[in-house]
Amino acid sequence: MITDHLPILLIVIGFFGAFFTPIIGMIRKELCSPWATFITMLQFLISLLLLYNVITAGNISYWLGGWQPPWGIEYAVDILNAFVLVIVAGVCFSVSIYSRKSLGLEVPGKEMPLYTLYILLSTGMLGIVVTGDIFNLYVFLEIASLAAYALIALGDRQSRMASFNYMIMGTISASFILMGIGYLYVMTGSLNMADLSRLIPALYGSPVLLVAIAMLVVGLSIKTALFPLHTWLPDAYTHAPSAISALLAGTFTKVGIYALIRVMFTVISPSYVIETVPVMSMLTWLAAIGILAGSVLAIAQYDIKRMLAYSSVSQIGYIILGVGLANNIAMTGGILHILSHSLMKVGLFMVAGAIIYRTGIKNIYQLKGMGKKMPYTMGAFVVGALSMIGIPPTIGFASKFYLAWGALEAGNWVFVVVILLSSLLTAVYFWRIFENVYFGVHETEEIKKDEAPLSMLLPIIAFAVLILLAGLFASLPIEVIKIWVTGVLP
Amino acid sequence: MVLELIFTKYNYIIYITLMTIGFYGMIGKRNLIKKLIGMSIFQYSIFLFYVSAADVSGGTAPILLKEPAVYVNPLPHVLILTAIVVAVSTLAVGLSLAIRIYREFGTLDEDKILELSK
Amino acid sequence: MKAAPVSNDIILRTGASIMVPVILLWGLYVLIHGAIGPGGGFQAGVILAAGFILYTTAFGLKEAKKILSVKLLMVIASTGLFIYAGVGMLAIIFGGNFLEYGVIPIGRTPAEASKYGIEMVELGIGLTVMSIMLSIFYDIALKEKGE
Amino acid sequence: MILIVDLLMLLLVIVLAIASIMVKDLLESTVLFAGFSFMMAVIWVEMNSVDVAFTEAAVGAGVSTILLVAAIACTKRYEEEK
Amino acid sequence: METITSFNPGLAILVSLFGALMILVFSKRPNIRDGVSVLAGIIKFGIVASMIPVVMSGKLIELKLWDVLPNLPIMFRVDAFGLLFGLIASFLWIFTTFYSIGYMRTLKEHAQTRFFFCFAIALSSAIGIAFSANLFTLFIFFEILTISTYPLVVHIETPEAMKAGRKYLLYLLTSGVFLLFSIIAVYHYTGTTDFAFGGIIAGKGIPKNILILLFVTFMIGSAKAAFMPLHSWLPSAMIAPTPVSALLHAVAVVKAGVFTATRIILYIFGIDVMSETGLALAMAYVVAFTIIVASLFALMQDNLKKRLAYSTISQLSYIILGVAMLTPAGITGGMMHILNHAFMKITLFFCAGAFIVASGKEKISEMNGIAKQMPFTMIAFSIGALGMAGTPITAGFISKWYLLIASMEISQIPLLLVLLASSLLNVAYFFPIIINAFFKKPDRVLSYKEAPLFMLVPLLLTALISIIIGIMPDKPLALIAIAVQNLIGGT
Amino acid sequence: MRRYLAILSCIIFWAILVYGVSDLPALGDPEAPANKHVAPRYVEGSYKESGVPNIVTAILANYRGYDTLGETTVIFTAGITVMVLIRRKEK
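Going down the list, the sequences are from chains A, B, C, D, E and F. The working numbering puts the first sequence at residues 1 to 490. The working numbering puts the second sequence at residues 1001 to 1118. The working numbering puts the third sequence at residues 2001 to 2147. The working numbering puts the fourth sequence at residues 3001 to 3082. The working numbering puts the fifth sequence at residues 4001 to 4491. The working numbering puts the sixth sequence at residues 5001 to 5091.
Because the hints were derived from the structure by calculation, they are not lab data. It should be emphasised that the depicted structure is a prediction, and the values quoted were computed from it without experimental measurement. By construction, the Cβ of each residue, glycine as well, lies at the ideal position given by its N, Cα and C atoms. There may be inaccurate statements among the hints.
[As the list claims (entries may be wrong)] Derived coverage of chain A by chain B (criterion: at least 3 residues anywhere in the stretch with Cβ under 8 Å from a Cβ of chain B; other residues may be distant): (1) 139-149; (2) 153-161; (3) 181-190.
[As the list claims (entries may be wrong)] Some residues of chain C that are not near chain A, with every Cβ distance over 12 Å (derived): (4) Ser-2017; (5) Lys-2071; (6) Glu-2100; (7) Pro-2105.
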């Protein structure tokens, strides 16, 4: 049955898509973008199917090459994987629709390599998420990273330097991860995640394990842009082409977080990283500082994309905070926030891209009258921003509710305060935009409606609607996440 | 204790030292190509770690011989083959970025570039 | 220091015209020999690329591109990967898992099928590595005016 | 005895690494780096990983060096003084 | 208690949401757009009113939609208290709509579509707050109310307006955060956020200091009720167009705050917990302080709308005071005052707006002799002012009467004195206006006339109703009696 | 300033890593877990299951063939990247 091969088809379709793109590009350049959309759509559909299968029939294990793990590479899909897969593939799919016009303007004449890299990035990220083998994770991380460096470097004049710095940081991160994997391998002899999790308890107390954990945590934190290691993120997101900022904001950092969760809670056991060696609680404190620092820095920005980038730093803090608190509720909130932040940030970056596409404006104080000029786009922006603030009934509210509740459950009042305070800070930096966009324009100025093209508007609106729908029916994803969380945490 | 460490595990100390040198090259140097060389050294040090961990004293290279023999562990070699290719790919990407930056700014000095791009 | 130095030096050209076929042959040998001795797709690909790079240095980029144009390189790279992934898909078609060479009905035993599978895969790697290395070299060595 | 050779080679590698980071001339640095790669390959042969050593010799000392030289040719040869 | 499932509560909310949508659709055709507003208001009131017989017969109407978060559904339950608030809000919306049509058109205001759109959303959420069956649902509508009233507050878009808007948001969003925290805490400790007669906190073993902390955060959370020291957003928000002030002050926002505070005191904490911990009495004194100080502030204002704003702050505290006294009479008085104050204050604001539209005057000192030119408006104003002071036969008298009785029942003489003193202060800050308007000669010849009919009729009607309530208070009292019965009987 | 900071962080980095060394298996230790758990199967099965005597090739292309596919894709990605970054239009 072909459905048995779903996990690998997800990736192989991407590979084939990427390998074909140069050939398609030689025939007709214009076909590259629809081709990328088609491939990512297939990946999205497969990941939906996978999620459905995992929920109904339980975890999936696929042996590549037919070799039984730990000798061969295994694709292991459980609810967490499938959930993140759907998010990543969904974002890749919708941004690919959006990107046709946006990238057509910002990176003209390079459709072929651009969409090849686009598909490779998408495939790389999906590969990271779906795999059950820790070295395989590294390989796919590199595919995705290289594609990401290249895509970022296609932005404006400063983007090359941003990309270079990202590459340096990314290589440090990848090398650290490789070293962590090496330490684990040297001490256990295995590379399979499930197998490792059986072997690692024998190493408890060994300094090697500590160093390995430290390496993996630092490496993944760089990829996730956790607070003190976030320095590459603002530059990269500001200068990258808008569609790419949207894509990366919604997916790549989330994949990093996924990997962090996977390594900490599946490979190494929760009880070890929480109680014996309080790695996770250290991370929560960093995350808490990051939440506030990110918000404050976002307030100081006037470039809309840069502001959104700093806001990402803060939002990533939420996720790590939830995961690090490691009780049922906070963890659910944290994982739910992966979904909600993807929806919100991708939507917002797409709006920023649409504004830049139509007017070229990046400074938020020059956005006067935009509410009349691009009513639907800005309407979507309002929805996204309200969700960031955490106004019900949006998905951002649902995840903040769970995070705050989880912090309370953990008895940590500082974090409760941080979470709630940060939503006020978020309100501050978004409200500046509202004021400029909707108010202070007088009747005398006639503003012509000049909406973004349909292929950009459609994904934007879709994300706004999704934010609301997911907010109204948040118990659905929460129930799904809970199944996984209760399976992992005692 | 320390002597024992040095005599049985000197490979690790060496790899860590190399890694630190590479790390310094990445964060302490301002020239982009120097940074890339540092990056390569950084990566190579990890390869050294893997390969030395695979070594078995008295073993032979992992190519099957007619008569039974002790082989060194082949798996890290495979991983490192992969990683070397990744390293050279990263180097190529980094160099192309550096060239592109040089074309735009006329310099490879990080500080100067940051100044120019303000 | 000039990039991709186009040399008119007769010695270099003569040397290259002798060396290049030898290097290419050696590359092919490494590719095939990969199964029994050290070597394989990567090494072979790199060696083959080195051969062409030598050719390029001796005869100039223009000449080199007449043999392997940039577009052709891209096609070769894609083809190489296509061979690799295609072998994997073939395994699925014959009822195995991805890249499970043993089920492909070539050779008498699964082990033999694996051997052929591995050779195919190495060929794919070799093609891709060679063409990409060469392509990178073309790009980096390409001087301002496209000389 | 073998230990001494081993250690000497490893020390040489470290010296080469430091030198290639420290010299101001990028081309020199590249050559030193090629030497570093080559020494690395030799060490790996000594550690019985012929495949890796082979790859390293081809990729590290070969392709990497070619790319670096080509890149330096396109840009500047000397590291700028502050 | 018998409960009936019915779609009516949801329908009542949807009507104005749908109306808002239609307003957007017809933004280019003002007549249809405003017609939609009116129509939606009437239908909405019809739906709310249709629930009266059911509730009067002692039943509850329930509508459970779906779980937004696990175990936290959007759920509506119409009890007597909620229905009272719902009735007031939907009924007054009709008047306000007419009035704002007149106001906006006469002044040729910009962005009228946005105005009516936000108005409709705000009303939906006010009704949503009224009918919420749990804190969670209430919070959702609470935040929507905050967001949807913001564009109304900054409607004129001048720099001062934007500044006032920022202050408005700062206070209300911050309080929203506190409310959210309290809700999460309640949910954390009790596992539910449902309103229940007698409260849900009792017997859950929550330590007393946490209980007090919770109460404080809850009360900060209902800062929409504008008690001191969290009142200062309200006078700032006076920068809004007058219909907005009328809506904010008489109907939607502040009443929602008071309503929430009452719900929390009576239905979350419950009478027992409140009296055992002594929180009720503390609360009573805080609001008593507010009553007096706000009245003093009111005396010092020259801007009529600002004076009305401080009067509102003081009057709202009556409601909380009544509830905090925890006796049947007190609760009755408090709830009754929601109704009374709504009608009286909306009359006063309508009058203030009429002055602005007809004469352009906002300052009290400029209103000498205005009664000659605008007699009807001024009469309505006087009725409202008399009611505020608690004069018999006006609505204000009824509620004050109950409050006085309650304060004697719990033998808190200071509170009694506060109530009396406040009546005097009311007289002190309203009567000079009336006297000057009727008897003082204007500085120069006045040339304006009454405001347009669209505005005049609503304000006369609301004035009339506030007298009718004063004379025949039995219908609303019966409704409140059911609410009180449930509360006391439930304990 | 920057140089001293860099050197300082390097020293810290070095020290942390050296701390972890003490428990690592000695160089060439045949009893090290890395050489015990998974590896022997490759040595034994290489010829039987894959038909090639070079164990590294067997693992590279067969047991962990999928990694190698990924790695070839990395090269491909790098090629495309270099192309998109510095290739100029040919005349």
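Hints versus structure:
{"no.": "1", "hint": "139-149", "in the structure": "holds (count 4)"}
{"no.": "2", "hint": "153-161", "in the structure": "holds (count 5)"}
{"no.": "3", "hint": "181-190", "in the structure": "holds (count 3)"}
{"no.": "4", "hint": "Ser-2017", "in the structure": "31 Å, holds"}
{"no.": "5", "hint": "Lys-2071", "in the structure": "6 Å, violated"}
{"no.": "6", "hint": "Glu-2100", "in the structure": "4 Å, violated"}
{"no.": "7", "hint": "Pro-2105", "in the structure": "15 Å, holds"}
Of the numbered hints stated above, those contradicted by the structure are hints 5 and 6, listed in ascending order.
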